[in-house]
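Go by the hints and put chains B, A and E onto chain R.
Number of protein chains: 4
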Amino acid sequence: MSLAHGRPYLAIPGPSVIPDAVLQAMHRPAPNIYEGALPEMVDTMIPDLRYVAQTSGHVGIYICNGHGMWEAALSNVVAEGEKVLVPATGRFGLGWADTAQAMGIEVELLEHDRQSAIDPERVHAALAADKAHRIKAVLAVHVDTSTSVRSDMTALRAVLDDLGHPALLMADCIASLACDEFRMDDWGVDVMISASQKGLMVPPGLGFVFFNDKAAEVRRAMPRVTRYWDWTQRANPEMFYQYFNGTAPTHHLYGLRVSLDMIKAEGMEAIWARHAALAGAIWVACDVWGSAGPLTLNIKDPGLRSHAVTALRLGAPHGKRLREWTAEQTGVTLGLGIGMSEPDDPNGTGFFRLGHMGHVSAHMILGLLGVLETGFAALDIPHAKGGVTAAAQVLAQASARG
Amino acid sequence: MSLAHGRPYLAIPGPSVIPDAVLQAMHRPAPNIYEGALPEMVDTMIPDLRYVAQTSGHVGIYICNGHGMWEAALSNVVAEGEKVLVPATGRFGLGWADTAQAMGIEVELLEHDRQSAIDPERVHAALAADKAHRIKAVLAVHVDTSTSVRSDMTALRAVLDDLGHPALLMADCIASLACDEFRMDDWGVDVMISASQKGLMVPPGLGFVFFNDKAAEVRRAMPRVTRYWDWTQRANPEMFYQYFNGTAPTHHLYGLRVSLDMIKAEGMEAIWARHAALAGAIWVACDVWGSAGPLTLNIKDPGLRSHAVTALRLGAPHGKRLREWTAEQTGVTLGLGIGMSEPDDPNGTGFFRLGHMGHVSAHMILGLLGVLETGFAALDIPHAKGGVTAAAQVLAQASARG
Amino acid sequence: MSLAHGRPYLAIPGPSVIPDAVLQAMHRPAPNIYEGALPEMVDTMIPDLRYVAQTSGHVGIYICNGHGMWEAALSNVVAEGEKVLVPATGRFGLGWADTAQAMGIEVELLEHDRQSAIDPERVHAALAADKAHRIKAVLAVHVDTSTSVRSDMTALRAVLDDLGHPALLMADCIASLACDEFRMDDWGVDVMISASQKGLMVPPGLGFVFFNDKAAEVRRAMPRVTRYWDWTQRANPEMFYQYFNGTAPTHHLYGLRVSLDMIKAEGMEAIWARHAALAGAIWVACDVWGSAGPLTLNIKDPGLRSHAVTALRLGAPHGKRLREWTAEQTGVTLGLGIGMSEPDDPNGTGFFRLGHMGHVSAHMILGLLGVLETGFAALDIPHAKGGVTAAAQVLAQASARG
Amino acid sequence: MSLAHGRPYLAIPGPSVIPDAVLQAMHRPAPNIYEGALPEMVDTMIPDLRYVAQTSGHVGIYICNGHGMWEAALSNVVAEGEKVLVPATGRFGLGWADTAQAMGIEVELLEHDRQSAIDPERVHAALAADKAHRIKAVLAVHVDTSTSVRSDMTALRAVLDDLGHPALLMADCIASLACDEFRMDDWGVDVMISASQKGLMVPPGLGFVFFNDKAAEVRRAMPRVTRYWDWTQRANPEMFYQYFNGTAPTHHLYGLRVSLDMIKAEGMEAIWARHAALAGAIWVACDVWGSAGPLTLNIKDPGLRSHAVTALRLGAPHGKRLREWTAEQTGVTLGLGIGMSEPDDPNGTGFFRLGHMGHVSAHMILGLLGVLETGFAALDIPHAKGGVTAAAQVLAQASARG
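Chains as they are written, first to last, in the working numbering: chain R, 2 to 403; chain B, 2 to 403; chain A, 2 to 403; chain E, 2 to 403.
Chain R on its own, in the form it takes in the complex:
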């Protein structure tokens, strides 16, 4: 007997759960890509994407994944031989740094431990030491899904402003956009990248870059940008195919149109509040369970925790056992720990992650918590009972406030 025979819940930190309406919209014949309804539809998306990013700046859409967007954004503003500063808080910050290095960019890496947000003081020190202003950009991951830490973009902006340093502030919001609060213009982010498969609730395959006029000027001064990565025509196309430097990603666009409609209908403030409330419920449940057992939240300070993903430590072999049990017995797929390890757990099997981004409701999250509490009991993993009860109280209060 298994209790997993129902609609599965994929609780990994991306790809996230795709709304039925998005999948439905993608199920249609190939359209004309030269004229007609599709080009008109794409034009309508640009202001909506700006709304999601809270910017009046420029938007470029790419056919690629998040790793591709690292390369796309850098290609437009940092040339071979130039330098970037990367305060990395986890695997994804390191990945962006690696992408830069492979492009021939010089990287100054400020590696943080796996439990901390970007330290503005370290960034301040590095930029202050850069008297020649060789650092052309600061690459900051807003939410690193490996550690689930969220870094403060406004603090980085303040550092740059304080020093009068001209470097661009570039943010990776792949895991956070349309989940955690993000205000590109208000926060002074110059370039932001994201992708389709998390808060935007569309299958993987689309990437997005948002940039302001300052970044556009930097682009114009670049010696050379390759055609596929160049954002110039993508952000200001004269003909439809220039949006995508070639054939449009037709079916993803249909899905994205529906997803943007859903986002507009809910509203960014409401979306951020929903994610905050659901994350809060998860945290309180984990705190209860962990009060009499090994479960710990990776990020101690709630103010630094992502509202879209939660990294946890249960210790080997519990983590792996729990993931296998929930998949086989309950229909819930938990996320692997990645980029985490311990001396006696070199592969990090004792870590796991919960994705709670995008199309997630109270029902789905309470079900997830119920499954965890059941799993702890079924597998004799020490814990204090009552995590779901505590979560229910938190959500009841949030709902009453909302």
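Bear in mind the hints are in silico, worked out from the structure with no lab data behind them. Just so it is clear, the structure is predicted and the values come from calculations on it, not from any experiment. C-beta: ideal position from N, C-alpha, C; glycine also. Some hints here could point you the wrong way.
To be verified - Derived DSBU-like pairs: lysine-lysine, alpha-carbon spacing no greater than 35 Å straight-line:
#1 R:Lys301 x R:Lys386
#2 R:Lys386 x B:Lys321
#3 A:Lys386 x E:Lys321
#4 A:Lys321 x A:Lys265
#5 E:Lys321 x A:Lys265
#6 E:Lys301 x A:Lys386
#7 A:Lys215 x A:Lys265
#8 A:Lys301 x E:Lys386
#9 R:Lys132 x R:Lys215
#10 R:Lys265 x B:Lys321
#11 B:Lys84 x A:Lys84
#12 E:Lys265 x E:Lys84
#13 R:Lys265 x A:Lys265
#14 B:Lys386 x R:Lys301
#15 E:Lys265 x A:Lys321
#16 E:Lys265 x E:Lys386
#17 B:Lys301 x R:Lys386
#18 B:Lys265 x R:Lys321
#19 E:Lys301 x A:Lys321
#20 A:Lys132 x A:Lys84
#21 B:Lys386 x R:Lys386
#22 B:Lys265 x E:Lys215
#23 R:Lys84 x E:Lys84
#24 B:Lys215 x B:Lys132
#25 R:Lys321 x B:Lys386
#26 B:Lys301 x B:Lys321
#27 E:Lys215 x A:Lys386
Claimed, not checked - In silico negatives: residues of chain A with every beta carbon more than 12 Å from chain E:
#28 Glu41
#29 Pro48
#30 Asp49
#31 Glu112
#32 Ala156
#33 Ala159
#34 Met202
#35 Asn213
#36 Arg220
#37 Glu267
#38 Gly291
#39 Asn299
#40 Ser342
Okay, now just chains B, A and E, sitting in the frame of chain R:
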């Protein structure tokens, strides 16, 4: 802010949640209905339907809903002016009786209260009084979704056998098939009807009749059966269109094929055990909540409770408020109470029902329970906390056993 | 090598080609059937269905197929022992008569040969002979898909009016509705039935009855009508479930909503004109081919030919060879001949039919004709070349007129 | 009235018609991208992709469009400052050259007129003049969809071999793969690129590179390749995410799996033969029509014509009128002419193209031809009648041979 923006969970007692694979299979062009793959596919379904009903008897498939199956089954074995005995435990038993009466059939109604299963002693008395054997059939609803009571078919069989009464035992398993244990041949049920949209996990639109040789003989002795309801050719077609007395319900059949594959892969015993475990989790949670508040399970004796639907009383106006709150705030649609009322609640707004039939997992049910506990808290409905915690323990034990 | 690897075209006379948008609309989770969007949506369909039938009368929707609608309509207006007149022009007229007889209704059958429309003079004679007005209804198939003949409903109305005979005029428009012109009120049809899978472009599984006040009065005078077939509540429901006497056919309704939207957007006059033009193109092509070979149109008089289906004779063994060849080599499925035979071809393998109903364009029909001309050549079936060229001229003119 | 109300046929040269089964397979929830069924499925695709390209070489899959693949392939084998030879036969050859230049690569362009295939003698001359072997690669578009010319890869191989020139032979088979015959290994192509939305019948969004050991060596000698374009890990991943340098394009992969299954079931030889036969039917029809009117095939020599796309000239304003008429009146979307013009038609409105690639049957192509002949008649465009008749004869013969 609302916490409802995710995949919705329809927790009404039918139509039940449709598996993604079933919907996917139904999304295809119209097929040839005269020859080829479709006729061959339908042939393969008959043994699988027998397996679901645990019978080696005959199977007829109809394009209609459950109410239609009441009429279909009666049409084949009870003629105008003949008599049936209907021990009714709720709205659906009464509905079957009403259908019979509208067909010109004489109905002897044994009405039960809304908290009881069929009383074999009352049936015994009625049949014993029928010295002339005018009662041609006993119409018994296995699970009445209005009250969520489950009646004991074997007890009714024993009554008939004990008296040597020749009446057919006819069971309505619309709400129970592929949820609650049901063994047609072992239990001596002569005619059983069901429909597609509950345990079979397919959209509404198909009905099923299963009947044994004894019932087939009764059919052959009938003066006249209308073409649409006649099960003779449906159960033994010479040409494909006779399966359905005309055009086949093409797309439902594609869905049903997938649903039967899923059922076979899981196995009837495992399906029954899963429903039993999930129902047990719901009951224990309700018991906890009700220990300090108004919530009560409609059926007191757990042995008489359906494993597919649970009828509850919260009292007016709590029931309606809770249903509205879960829909708006959490993405869960609870079932209305139907056929229930109280002196100060003539419309039964204080009652509600939980559907937990078919494609339901631990995640979905624990999420449902979490939502209820959250709702009680948000709406200040008196209750003892900890229902989900108790449910998690029950499921952990069930999982360990299974 | 096969030339069949593309989107298949099912050129059988129903089920017809389902629009992608209809299938897309049906691909969604189960809805609440008690309140909310679904009940509201169904209310909007009633005036649209009236528009399709060109009536201000009553509408009932059933979960069943076309054969079921024969029984449904009769159940409401003709009691056991009463009499109907059935001027049958093919297999479907005979089927309706058979359904009536199985209900205990007396049938006076006016069988026509397989190449003729209903002869109003024979109907006149039969009704004139019915001095006692025992004939309660005349059952007329508008288009019999077996022969592809279309009968004139206004001529039958004139006969009834001329004689002052009170019998109801009942029309089976299963194959013709939303294809051939039909004006229920203007033409004086009292009861009309149809189904979802032809001109309405939705998978099989829904039936429709339209009836006027006169028929409603006849219903009220009936001694008894069974619950499932009774149109009273279906046409005038107080609660949503009464539309369907039980659970609603949820997914078909979503498809039907889209189909009705498409029909309204195109407009009934334009739909009729499109079917007329496409049928005309088929006929002229067949005339060309048949001018030097065995191909003949079953109905000689173009004024009596359906615009939705065309029955043809090619002679054994050509018919069967052609059908097999088009399926294997071109992706086109032709309709079998049904209810047709010849002395040396008792199974009618020399006959075949073309469905051209509902979601059919010039491209699809010209492709069908091209496939036929290719098949004649590939199989060495004698024919004059140039059928498609002639069809193209006809469509060019129709398009210029339209 | 319009005759366009049916399943549309998109006769543009890509994106091509997507099989229903491919769309169906893409309609499913997000999967786990770290372990389980998806990674296993992707492993099975590699040998199938090799089969499609007729190679035993290496395969890399990218999330991008065809233009992205130009950049991807070059990135691996040609560094900034190195040189390529581009014999361009149309817009896409020019586009590849432009992409190379934007990467800082020196381009020697051999521009051909718009009615010719690559001239091996010109290539021979250019390579012979390259005594220093500075030309690192020859970039050859197999089928240029703007002119519909197909160039001979074996002739280019022979030139390279004849001269003992070490340059890589790189082929763009975006429009031809799985349509026109292509044998990578037998023909001596070193690097080949393609994309998902033409012969592979999947929505746009995936690109493919195939390369042999010689090209792999060239890659290893490159000073630097950016992470996203580097084919090393993609073609030989140690972990699943390395296939795609990050998140997998989940839903496209489900579609591709089905598409590859269809291709394997039909077989490459049969696919090539089908495309050849259908193209031949189109040509003969156009020859007939053009024998008494302005229609001309852009490529005179049938041996140089693509089997996947046909470029035609009708002259302004006929071309544009025809395209608009078929879209509005018949449901067929014709391809625009691109990259073509005449002195009195600077925008090339007199040109159009027919896509006949991938999921195309005799029915679809004959319908397309029937629509064209109807359009010529409806718009009074001079032409000789009988094009479809001639096409039918050609297909009849092809079918008999096949």
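Hints versus structure:
1. R:Lys301 x R:Lys386: The given pair, whose Cα atoms are some 21 Å apart, holds under the 35 Å limit.
2. R:Lys386 x B:Lys321: It holds: about 31 Å lies between the C-alpha atoms, which stays within 35 Å.
3. A:Lys386 x E:Lys321: 31 Å, holds
4. A:Lys321 x A:Lys265: 39 Å, violated
5. E:Lys321 x A:Lys265: 30 Å, holds
6. E:Lys301 x A:Lys386: Holds, at about 28 Å.
7. A:Lys215 x A:Lys265: Satisfied, since the Cα-Cα distance of roughly 28 Å is no more than 35 Å.
8. A:Lys301 x E:Lys386: Roughly 28 Å between the alpha carbons, so the hint for Lys301 (chain A) and Lys386 (chain E) holds.
9. R:Lys132 x R:Lys215: With a Cα-Cα distance of about 21 Å, the restraint between Lys132 (chain R) and Lys215 (chain R) holds, given a limit of 35 Å.
10. R:Lys265 x B:Lys321: 30 Å, holds
11. B:Lys84 x A:Lys84: Roughly 28 Å between the alpha carbons, so the hint for Lys84 (chain B) and Lys84 (chain A) holds.
12. E:Lys265 x E:Lys84: 38 Å, violated
13. R:Lys265 x A:Lys265: 30 Å, holds
14. B:Lys386 x R:Lys301: Distance of about 28 Å is within 35 Å: holds.
15. E:Lys265 x A:Lys321: With Cα atoms ~30 Å apart, Lys265 (chain E) and Lys321 (chain A) stay inside 35 Å; holds.
16. E:Lys265 x E:Lys386: Violated, because 39 Å separates the two Cα atoms, which is more than 35 Å.
17. B:Lys301 x R:Lys386: 28 Å, holds
18. B:Lys265 x R:Lys321: Since the Cα atoms of Lys265 (chain B) and Lys321 (chain R) sit roughly 30 Å apart, the hinted pair holds (cutoff 35 Å).
19. E:Lys301 x A:Lys321: Distance of about 41 Å is beyond 35 Å: violated.
20. A:Lys132 x A:Lys84: OK: Lys132 (chain A) and Lys84 (chain A) at ~13 Å, within 35 Å.
21. B:Lys386 x R:Lys386: Holds - the C-alpha atoms of Lys386 (chain R) and Lys386 (chain B) are around 12 Å apart, at most 35 Å.
22. B:Lys265 x E:Lys215: 52 Å, violated
23. R:Lys84 x E:Lys84: Holds, because 28 Å separates the two Cα atoms, which is no more than 35 Å.
24. B:Lys215 x B:Lys132: Given pair Lys215 (chain B), Lys132 (chain B) holds - Cα atoms ~21 Å apart, limit 35 Å.
25. R:Lys321 x B:Lys386: The hint holds at about 31 Å.
26. B:Lys301 x B:Lys321: 22 Å, holds
27. E:Lys215 x A:Lys386: Cα-Cα ~55 Å, so violated.
28. Glu41: It holds; Glu41 (chain A) is separated from chain E by about 27 Å at its closest Cβ, greater than 12 Å.
29. Pro48: 22 Å, holds
30. Asp49: 17 Å, holds
31. Glu112: 36 Å, holds
32. Ala156: 27 Å, holds
33. Ala159: The claim holds: Ala159 (chain A) sits with its nearest Cβ about 29 Å from chain E, beyond 12 Å.
34. Met202: Label violated. Min Cβ-Cβ 10 Å, cutoff 12 Å.
35. Asn213: Fine: 30 Å to the nearest Cβ keeps Asn213 (chain A) off the interface.
36. Arg220: Check passes; 36 Å lies beyond 12 Å.
37. Glu267: The claim is violated: Glu267 (chain A) sits with its nearest Cβ about 6 Å from chain E, within 12 Å.
38. Gly291: 16 Å, holds
39. Asn299: At about 23 Å from chain E, Asn299 (chain A) clears the 12 Å cut-off, so the statement holds.
40. Ser342: 29 Å, holds
Checked against the numbered hints above, the structure breaks hints 4, 12, 16, 19, 22, 27, 34, 37 and satisfies the rest.
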